[in-house]
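Asker: Sequence:
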Amino acid sequence: MPINFSDIELAFAFVSMGQMHMHRAYICRKTGEVFYTSEMGDSDELPEDIYENEQYVEIPHKNDLDLGKALVIKFTSDHMPDNIEDVYSIFRKKGAYSKFKNLLEAKGFLEEWYSFEKKRQNEALREWCKEKKSKPRVNSNVSSSS
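So in the numbering used here, spot 55 of the sequence shown is number 55, and the numbers just go up one at a time.
It should be emphasised that the hints constitute simulated quantities derived from the structure, not laboratory data. A hint or two may mislead.
[Claimed, not checked] No more than 25 Å apart at the CA atoms, straight line, and that leaves these computed lysine-lysine pairs for BS3-like:
hint : residue 1 : residue 2
1    : K118      : K101
2    : K118      : K130
3    : K69       : K99
4    : K94       : K107
5    : K118      : K133
6    : K74       : K119
7    : K133      : K119
8    : K130      : K69
9    : K94       : K74
10   : K107      : K119
11   : K118      : K107
12   : K107      : K93
13   : K30       : K69
I would like the entire structure built from these sequences, with the hints used as guidance.
Answerer: Here it is, written out as structure tokens:
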């Protein structure tokens, strides 16, 4: 059964919204069903063989795909090189992403960041799918360049 890329994107967003391993998602290659689990509670009941069966694939966290701080540094280097030291300083403390977004907004780069981040996430997830051989079906309303 083909897997909807939008399901992979939603699972990726869930996994990436917290620290690594706080939230996890697994997709079944056979059925396309996604299973969610979280240290915060309210998790799906997982299949008994989810950890031993190759038909289940764990969705990566953004840091697994270098889409965390590394992506922020790449964007800053390319678009706001004069602020690179400010960004390094921001990411040495808690609350880095909200402070980074405040800086982007102040400099007029917030929308450009969102586009850049979305494009890179899409590219990285598609590459991940190829590596896992779980070729997603793209919904007709989702372009492959978004």
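Asker: Run the distance test for K74 versus K119: straight-line Cα separation, threshold 25 Å.
Answerer: Answer holds: K74 to K119 is near 13 Å, not above 25 Å.
Asker: Run the distance test for K118 versus K101: straight-line Cα separation, threshold 25 Å.
Answerer: 15 Å, holds
Asker: Does the alpha-carbon distance linking K130 and K69 stay inside the 25 Å limit?
Answerer: 24 Å, holds
Asker: Hinted pair, alpha-carbon criterion (25 Å max): K118, K133. Please report holds or violated.
Answerer: Roughly 22 Å between the alpha carbons, so the hint for K118 and K133 holds.
Asker: For K133 and K119, compute the direct alpha-carbon distance and say whether it is at most 25 Å.
Answerer: 21 Å, holds
Asker: With the threshold set at 25 Å, check whether the alpha-carbon distance from K118 to K130 stays at or below it.
Answerer: 18 Å, holds
Asker: Given the hinted pair K118 and K107, is their Cα-Cα distance within 25 Å?
Answerer: 20 Å, holds
Asker: Straight-line Cα separation of K69 and K99 no greater than 25 Å?
Answerer: The given pair, whose Cα atoms are some 13 Å apart, holds under the 25 Å limit.
Asker: Quick one, are K94 and K107 close enough, alpha carbons at most 25 Å?
Answerer: 21 Å, holds
Asker: Do the alpha carbons of K94 and K74 lie within 25 Å of each other, as the hint requires?
Answerer: The given pair, whose Cα atoms are some 20 Å apart, holds under the 25 Å limit.
Asker: Sort out whether K119 lies within 25 Å of K107, counting only the CA atoms.
Answerer: 21 Å, holds
Asker: Would you check the hint for K30 and K69, treating anything up to 25 Å between C-alpha atoms as holding?
Answerer: Distance of about 34 Å is beyond 25 Å: violated.
In the structure shown, a violation is registered for the earlier hint numbered 13 alone.
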